[in-house]
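Novice: Given the structure of chain D, go ahead and fit chain B onto it with the hints provided.
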Amino acid sequence: MTDAIATRGSMRRAALASPSFVAGAIVTVLFVGMAVLSFIWTPYDYAAQDIPNKLKGLTAAHWFGTDQYGRDVFSQILVGSRTSITVAFVAVTVGVGIGVPLGLWAAARNGSLLDEIIMRANDLIFAFPALLIAILITAVFGPGAVNAVIAIGIFNIPVFARLTRGAALSLWPRDFVLAARVAGKGKAEISVEHILPNILNTLVVQVTIQFSLGILAEAALAYVGLGAQPPTPSWGKMLADSQTLVSLAPHLAIIPGLAIVFTVLGLNLLGDGLRDIFDPQLRRSRR
Amino acid sequence: MTLLRIENLKLEIAGIPILRDIDLAVEAGKIVGIIGESGSGKSMTALSVMQLLPGAATVSGSIKLDGNELIGQSERTLNAIRGRDIGMVFQEPMTALNPLMTIGDQVAETLRLRGVSKAEAEARADETLTRVGLPKERFPRTRYPHELSGGQRQRVVIAMAIALKPRLLIADEPTTALDVTTQARIVDLLKRLVSEDGMGMIFITHDLGLVAGLADDIAIMRRGEIVESGETRHVFATLSHPYSRALLEASSHQPARNPPEPAANTVLSVQDVVRDYPLARKSLFAPRQAFRAVNGVSLSIARGENVGLVGESGCGKSTLARAILGLEPVQGGAIVIDGSVVDREKGPDFATRRKIQAVFQDPYASFNPRHRVGRLVSEPFHLLGNAAPHGPERDRRVVKALEEVGLAAADADKYIHEFSGGQRQRIAIARALIIEPALIVLDEAVSALDVSIRAQILDLLADLSDRLQLSYLFISHDLTVVRSITDRVLVMRAGEIVESGETEAVFSNPQHPYTQALIAATPRLAGATA
Chain D
1 MTDAIATRGS MRRAALASPS FVAGAIVTVL FVGMAVLSFI WTPYDYAAQD
51 IPNKLKGLTA AHWFGTDQYG RDVFSQILVG SRTSITVAFV AVTVGVGIGV
101 PLGLWAAARN GSLLDEIIMR ANDLIFAFPA LLIAILITAV FGPGAVNAVI
151 AIGIFNIPVF ARLTRGAALS LWPRDFVLAA RVAGKGKAEI SVEHILPNIL
201 NTLVVQVTIQ FSLGILAEAA LAYVGLGAQP PTPSWGKMLA DSQTLVSLAP
251 HLAIIPGLAI VFTVLGLNLL GDGLRDIFDP QLRRSRR
Chain B
288 MTLLRIENLK LEIAGIPILR DIDLAVEAGK IVGIIGESGS GKSMTALSVM
338 QLLPGAATVS GSIKLDGNEL IGQSERTLNA IRGRDIGMVF QEPMTALNPL
388 MTIGDQVAET LRLRGVSKAE AEARADETLT RVGLPKERFP RTRYPHELSG
438 GQRQRVVIAM AIALKPRLLI ADEPTTALDV TTQARIVDLL KRLVSEDGMG
488 MIFITHDLGL VAGLADDIAI MRRGEIVESG ETRHVFATLS HPYSRALLEA
538 SSHQPARNPP EPAANTVLSV QDVVRDYPLA RKSLFAPRQA FRAVNGVSLS
588 IARGENVGLV GESGCGKSTL ARAILGLEPV QGGAIVIDGS VVDREKGPDF
638 ATRRKIQAVF QDPYASFNPR HRVGRLVSEP FHLLGNAAPH GPERDRRVVK
688 ALEEVGLAAA DADKYIHEFS GGQRQRIAIA RALIIEPALI VLDEAVSALD
738 VSIRAQILDL LADLSDRLQL SYLFISHDLT VVRSITDRVL VMRAGEIVES
788 GETEAVFSNP QHPYTQALIA ATPRLAGATA
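Chains D and B are the protein sequences, given in the same order.
Mapping to the working numbering: the first sequence position 99 is 99, numbers consecutive.
Mapping to the working numbering: the second sequence position 266 is 553, numbers consecutive.
Isolated chain D (complex conformation):
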């Protein structure tokens, strides 16, 4: 009992002492908060057209201005964050949920046929450019946010499988794994109890990177018209739509662009901070 309290205490201290964690957490919470907020309140209906007020700059009535149909950009950003964050989140979950167990399994059975099969299948996916496969999937199954999620998620699997396998392989010959084997533990138990906690910091960093790549990939798919379909807004689609109007109303490109930049930056900072906090050795040196 005292044990758990001590851990939480020292973790909290470490968290507050890490500037990148604090900054990353604030930015991330802000954007997730925006997505949640959009369900209950937006200043205007994001799809409501108001032609007389089209292409307005930043005004008190429309904080982020309006687009070529007079739709409120701030409302679109709020609703668009839902799409971006959901797509990226689900895609990363798919990657971690399938890729990490596969990587651990391959490492535990290193050199076996199973290892070969898993890793060669990964190579196969890796051999195709991510966006190409995404376009392929959406071309076959039709465009839409769900198919975008599947496409991006599949590409996260080999990323996590390879990373996990590589990191796990370097741990398997260590003496503490040997000690666990002397204690009669099997490969699955060792993978979960000893290998996974020790590669967690690497994985956390990769999760934040893949999350930001997911947002970018969703934006890219939306940009070429294969992501969320109108009238559902997404940041990528807003960028795409603003293309022809850049000289006329630059804020239409700048605002969704900045939203993507800040979200990605916040997530990367959060990942850095989390890595430091998860490591008990780093935690002590801070104390």
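Everything labelled a hint here was simulated from the structure, so no lab data went into it.
Treat the hints with care, as some may be off.
Said to hold, decoys possible - Some chain D residues close to chain B (C-beta under 8 angstroms, calculated; not the full set): (1) D175; (2) F176; (3) L178; (4) A179; (5) A180; (6) R181; (7) V182; (8) A183; (9) G184; (10) K185; (11) K187; (12) H194; (13) P197; (14) N198.
What you are looking at is a predicted structure, and each value in this text was computed from that prediction instead of being measured.
Note that the Cβ used here is the ideal one computed from N, Cα and C, for glycine as well.
Specialist: Same frame as chain D, now just chain B:
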């Protein structure tokens, strides 16, 4: 004239004092041994002479080579001195060599950097490699470091250091990573080079026995200070400083043993065990060849008996240990643990595994850094399945095991990085003890520890063995340690046991030529102090 004179050397790194008032003199043609435990500042002294200190270091005092002050010299001047006037040999020959360069090129490179022409550099590299015992006929210059053994690699490192005929050679633990017979040959080589070239040499080591037979003068260091120095014979004869005496005591430490009457029952019996490693096929349809790491080994250990297994690296002793622990399958023979025969492929079942535990060499790699000590120590409870104690009973057992090895109950809540190497090895022993095994396999369990810590751990092991009637299979390359703690000893070479018997009998009257060579190569204190 004195070749190297260090006076009042003080070193601070980021405000923390590392060295205090070091005074040391090295004459040409003489060997000065610096002895100390880890963290005593012996390597930092060497790096100060080379002026290869970390950026945050501030040095004061004086280091004069041939009367020229080294401290405060520009990097350019120092670069000219390093290599040309001072050569250095490092501990780990594998990391000191570039794996992508041939040995000939590496030695020639040190010459080429001094503007020697390519042809001449290669000729002199050949000559130098021949001098260190790697004649061109047997060791072509086009070899890569991975094609050489540890001792041969260290010869290449030495060749690089002496290629420019420096006046001072600094050897920082040059033989620590090597086997005893190899160590003896490298030490002989260094001695010969010193007398041939009239070099001065600083020989840094933690091994009192080694330095006693080698150095003309010695300096004993502790916590950044020289506690005692002078002529080797004189220092060993007087040992005026209490730390020197403690160090000597620890080096030749004999734990007091008081074993109970040996029981009749056999804890471990190994009969004709064979372990083959498959090698890669030479061609697509060629049959797979195998490397036989353990070849028909038999041994038995009675309850309460301590058995030593000695041999040099690659002799198969660790492979045998892993086979006994059930971590690797065996291809032939039988392993019987406390009466139950172990399955060759699957290894022992849980009930059998419970009787045998292990302590490994590296105290820094033996623990999962993410878990607390309590969880680490209780890991073998897994072998008890559903019968494993939990809650307060588990905590009580953890505390008992920790107290058994001289640690406190509160240590269970700490992480492993909060402990020193010696404490970690105690925790490793606690982990082995917790399910009350009959036999503990100690694979080089004290090899990574400083002598004073090693003495404490040996005392602990002897005490546990006496009280709990524990048996040990004590695997080590260090004959002194094996002699101090075991009842019987087995000498292993190239996968086979070449000699076995009562420890004292084997050591005082070795029969097999290999055992004789091993014992002859082991540095001894007795000769130096007499």
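Novice: What are the numbers of the hints the structure violates, in ascending order?
Specialist: 11
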